[in-house]
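Participant: Going down the list, the sequences are from chains A and B.
So that you can map any letter, position 112 of the first sequence is 112 in this note's numbering, and since no number is skipped, the others follow by simple counting.
Heads up: take any position in the second sequence, counting from 1, add 249, and you land on this note's numbering.
Simulated from the structure, these hints should not be mistaken for laboratory data.
A portion of the hints provided could be inaccurate.
Unchecked claim - Restraint-style ranges between C-beta atoms, simulated for each label pair:
#1 137(A) x 863(B): 45 to 55 Å
#2 10(A) x 724(B): 49 to 59 Å
#3 146(A) x 627(B): 54 to 64 Å
#4 59(A) x 566(B): 37 to 47 Å
Remember, predicted model here, so these are calculated numbers, not experimental data.
C-beta: ideal position from N, C-alpha, C; glycine also.
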Amino acid sequence: MEILRIQDVTMSFGKMNALHEVNCAVEPHELLAVIGPNGAGKTTFFNVITGKYKPSRGQVFFKGERIDGLSRPQIINKGIGRSFQVVNLFPDLTVAANVRIGVLAHQKQTLRLFKNVDKMAEVDQEVERILDLVHLGDEAGVVATTLSHGDQKCLEMGMALTNHPALLLLDEPTAGMGPEETRQSIELIKDVWRKTGVTIVFTEHDLDMVFNISTRVLVLQSGKLIADGSVKDIRNNPRVKEAYLGEEA
Amino acid sequence: MAYVINGLTFAMMLFVLSAGLNIILGFLGVLNFAHGALFILGAYVTYAVTQTLGDFWLGLLIAPLVVGLFGMLIEFVFLRPLYKRHHVYTILLTFGLILVIYDIIKIIWGSDVKTVVTPPLLSGSFTLFGEIIPVASVFIILVGVLTAGGLWFIFKKTTFGKILTAISLDREIANALGFNVARRGTLAFGLGALLAGLAGVLGSLKLSIAAGVDAEFLIYSFAIVVIGGVGSFRGTLLASLIVGEMSVLGGVFLPELSMSLIFVLLVVFLTLYPRGMFGREIEQMHVPVVPYLGNVATAFQRLSATQLSLLSSLLVVALLVVAPLALPKYWTYLLAEIMVFALFAISFNVLFGFTGMLSFGQASIFGAGAYTISLMLIHVTGNWWLAFAASLVISTGVAVIIGLMSIHRSEIYFGMLTMAFAMLFYSIIYKWNSLTGGADGLSGIPSPVLKFGFTEVEILTPLANYYFILVVVAICYFILRTIMNSPFGQVLLAIRENPTRTEFLGLPVKKYKFIAFVIAGVFTGVAGALFAPFAGTIDALASHWSKSGEPIFMSLIGGISTLIGPGVGTLFYYVLHSYIVSITEYWQLVMGSILITVVMLFPMGITGYAKKFILSFKSS
Ligand SMILES: Nc1ncnc2c1ncn2[C@@H]1O[C@H](COP(=O)(O)OP(=O)(O)OP(=O)(O)O)[C@@H](O)[C@H]1O
Ligand SMILES: [Mg+2]
Numbered sequence: 001m002e003i004l005r006i007q008d009v010t011m012s013f014g015k016m017n018a019l020h021e022v023n024c025a026v027e028p029h030e031l032l033a034v035i036g037p038n039g040a041g042k043t044t045f046f047n048v049i050t051g052k053y054k055p056s057r058g059q060v061f062f063k064g065e066r067i068d069g070l071s072r073p074q075i076i077n078k079g080i081g082r083s084f085q086v087v088n089l090f091p092d093l094t095v096a097a098n099v100r101i102g103v104l105a106h107q108k109q110t111l112r113l114f115k116n117v118d119k120m121a122e123v124d125q126e127v128e129r130i131l132d133l134v135h136l137g138d139e140a141g142v143v144a145t146t147l148s149h150g151d152q153k154c155l156e157m158g159m160a161l162t163n164h165p166a167l168l169l170l171d172e173p174t175a176g177m178g179p180e181e182t183r184q185s186i187e188l189i190k191d192v193w194r195k196t197g198v199t200i201v202f203t204e205h206d207l208d209m210v211f212n213i214s215t216r217v218l219v220l221q222s223g224k225l226i227a228d229g230s231v232k233d234i235r236n237n238p239r240v241k242e243a244y245l246g247e248e249a
Numbered sequence: 250m251a252y253v254i255n256g257l258t259f260a261m262m263l264f265v266l267s268a269g270l271n272i273i274l275g276f277l278g279v280l281n282f283a284h285g286a287l288f289i290l291g292a293y294v295t296y297a298v299t300q301t302l303g304d305f306w307l308g309l310l311i312a313p314l315v316v317g318l319f320g321m322l323i324e325f326v327f328l329r330p331l332y333k334r335h336h337v338y339t340i341l342l343t344f345g346l347i348l349v350i351y352d353i354i355k356i357i358w359g360s361d362v363k364t365v366v367t368p369p370l371l372s373g374s375f376t377l378f379g380e381i382i383p384v385a386s387v388f389i390i391l392v393g394v395l396t397a398g399g400l401w402f403i404f405k406k407t408t409f410g411k412i413l414t415a416i417s418l419d420r421e422i423a424n425a426l427g428f429n430v431a432r433r434g435t436l437a438f439g440l441g442a443l444l445a446g447l448a449g450v451l452g453s454l455k456l457s458i459a460a461g462v463d464a465e466f467l468i469y470s471f472a473i474v475v476i477g478g479v480g481s482f483r484g485t486l487l488a489s490l491i492v493g494e495m496s497v498l499g500g501v502f503l504p505e506l507s508m509s510l511i512f513v514l515l516v517v518f519l520t521l522y523p524r525g526m527f528g529r530e531i532e533q534m535h536v537p538v539v540p541y542l543g544n545v546a547t548a549f550q551r552l553s554a555t556q557l558s559l560l561s562s563l564l565v566v567a568l569l570v571v572a573p574l575a576l577p578k579y580w581t582y583l584l585a586e587i588m589v590f591a592l593f594a595i596s597f598n599v600l601f602g603f604t605g606m607l608s609f610g611q612a613s614i615f616g617a618g619a620y621t622i623s624l625m626l627i628h629v630t631g632n633w634w635l636a637f638a639a640s641l642v643i644s645t646g647v648a649v650i651i652g653l654m655s656i657h658r659s660e661i662y663f664g665m666l667t668m669a670f671a672m673l674f675y676s677i678i679y680k681w682n683s684l685t686g687g688a689d690g691l692s693g694i695p696s697p698v699l700k701f702g703f704t705e706v707e708i709l710t711p712l713a714n715y716y717f718i719l720v721v722v723a724i725c726y727f728i729l730r731t732i733m734n735s736p737f738g739q740v741l742l743a744i745r746e747n748p749t750r751t752e753f754l755g756l757p758v759k760k761y762k763f764i765a766f767v768i769a770g771v772f773t774g775v776a777g778a779l780f781a782p783f784a785g786t787i788d789a790l791a792s793h794w795s796k797s798g799e800p801i802f803m804s805l806i807g808g809i810s811t812l813i814g815p816g817v818g819t820l821f822y823y824v825l826h827s828y829i830v831s832i833t834e835y836w837q838l839v840m841g842s843i844l845i846t847v848v849m850l851f852p853m854g855i856t857g858y859a860k861k862f863i864l865s866f867k868s869s
């Protein structure tokens, strides 16, 4: 059964439709890319799924259950993790503490008032596991803002993994990275995908990378879903070419 | 009818004042607590001009200009560097300015009350429809109407006004379009201050001028701006009429309730219509309250680093145990008071420094604790345990109510809502004479009796009080310390740093904020319950919203990023205060300047810098 279904979703800001009657579905264990020129509505697509905004029209289903209209924490707790295009961390906390918040939330420990958080072995183990997964094991004690940009993006992903999501949404995981960092991140994403069996939906500007790793591609333009298909289909789709050329012109 | 005219006069004066406040809040996002002080400054300048040049009309011309220029100076020197920080810093800065302005006034004009001689043209009155109407009232109403017209013209017809509006709607775009946002900010603040000055001129016709009378005007202005709506002069005008008439007519026909009614209206608007009648919501971004620390102290923000180690904590307690043996008697008394207010400040800072919630309502909770225990001890029982339990229940109840109603709003709106509650609470305490003793408060509170099984101890002597307070405060401190070390405490830090991200980790932020508010409330209530029997008296001022400013001040001086910081700040404040008072009568000037300096240059506070120093020392 499909893990995510977007049904006739429209998201308007004033008169402008950031998403316009979008329909699509995601199957389990896909590595699905959402592409489109700047302002196409990719981030809005994620925001609507995770409850940052409630869609103006249409419905969102996760594992067959309707989730639009639920609060953000409720949606996340159904098993969705997300990272952000613009780095969105707890800037003054350490790397480990950043991940720990998510782990504590997932293990339902956050209402414990009299337990010393530094003496919770299970939590520490899990934090360690996640940091290792995103290759940040050595930076555990570093304040988040002092990490390199690339590492901050990895930390983002680590935080999104803390609730053992069935669906992971990554918004431009390689934005602002150099070529080498980008390559490493792609490896990381593939690695996580293989190891955890999570379904991943990600947005990306770098089309080579997209065509390289994704199992399927969605193309948005001005809020409309203009193509949905395999890498090969999308590569040869004239409308997609036009959309991208149009942007360059 | 005469009352209606009085109300209208008052309303127009409030309108001129509030329009200025509205410009400053709407354009710069600054909640200008010094607006009342600027108002009274305007009145004093009018007085001075009338006195020296013998002409009120020159005062009408000069006072607004002087105050306006002063406002521009303030904006340029003090406020401009603070816009990138959390709004608490601009608020605190304007708090500091109040103190400084009051003492400048005192230095120039002394502290006795002044009155402006009404010019012949405006003195006297005439009769209309059988009612006696003072000419001065007509003049004030006229100036109010002209001001409204002038503002309408400036903001609708001139490019300056249009650009200003555009900027206030979206700073970044305006910046990108190449408008000089910063310079226009100075002008906007100047215009706001000018209006405060003009209101001061009008006020000088009706009031006896003294620093402090402006406090009431300030809160009415806040109410008006919120009810009318930020960014809307139409709203401000209408709300001024409502508040002005309510306060004058209400004062005549419903003297017990009029003040409370205005604040009820304010609470209703803030909860249900935060845009007010015609306004818009203030644009605000989340900015963490603790300024970024840089990488000197890498480990600084590890949770344990926000606290003294267990060993040092015990050491502090041990020092406090022996202190009365070494210090003069007066200091025993003072230290006991310091501990009470340290607890007040520390529990405030659990909200502020650890969760990022700036509450102005803490004085109400403190007051609820203090009044309840006093009433219990006076009327019901001498047994401390019983009285204390009742006081805890009531103060926690007040915290629950304020919390439930306020946590739905964030940032500056949360601050304004808690402030509205504080005013409401104060107005109730103040007017409910039969229960609370009104302005005089309660005195002769009997000293409590502690019952342990068969023995009883009466807490009578200063020394007994001291140790009693020490025990309770120490217990509270260790409980708070444990809570802040817990997973829950960790979530609070997360909320402080980035509430949105916290939500996207699956944590319902409002729920945690509410729990934090109640926890802070419990300990604030304890502080109140300790204070009243110790002091022997309690009056309405203890729950005045401006009292909520004190823990903010102490937290900032001591350092908001550590648990003990506000305690250190309280100690520092008291010691410094008693020293300054002993050497100069202008202690407000000194304290205000210190506050301003700390806000601008040392936002990490004493313990923050100490910690930074120790950590960089360790790491090198
Ligand atoms: N909160 C909002 N209010 C108003 N407009 C918005 C809001 N969020 C997004 N938009 C608009 O919706 C459109 C789509 O934005 P979105 O951020 O989803 O695009 P994107 O595809 O992620 O772009 P990018 O590649 O630059 O990240 C843009 O025109 C944007 O300005
Ligand atoms: Mg985007």
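Participant: Each of the hints needs a verdict: does it hold here or not?
Facilitator: Verification of the supplied hints:
In this structure the hint that residue 137(A) and residue 863(B) lie 45 to 55 Å apart at CB is violated, the actual value being about 28 Å. About 57 Å separates the C-beta atoms of residue 10(A) and residue 724(B), a value consistent with the hinted range of 49 to 59 Å. For the pair residue 146(A) and residue 627(B), the beta carbons lie near 57 Å from each other, so the given range of 54 to 64 Å is met. Checked against the hint of 37 to 47 Å, the C-beta distance between residue 59(A) and residue 566(B) comes to roughly 59 Å, which is inconsistent with it.
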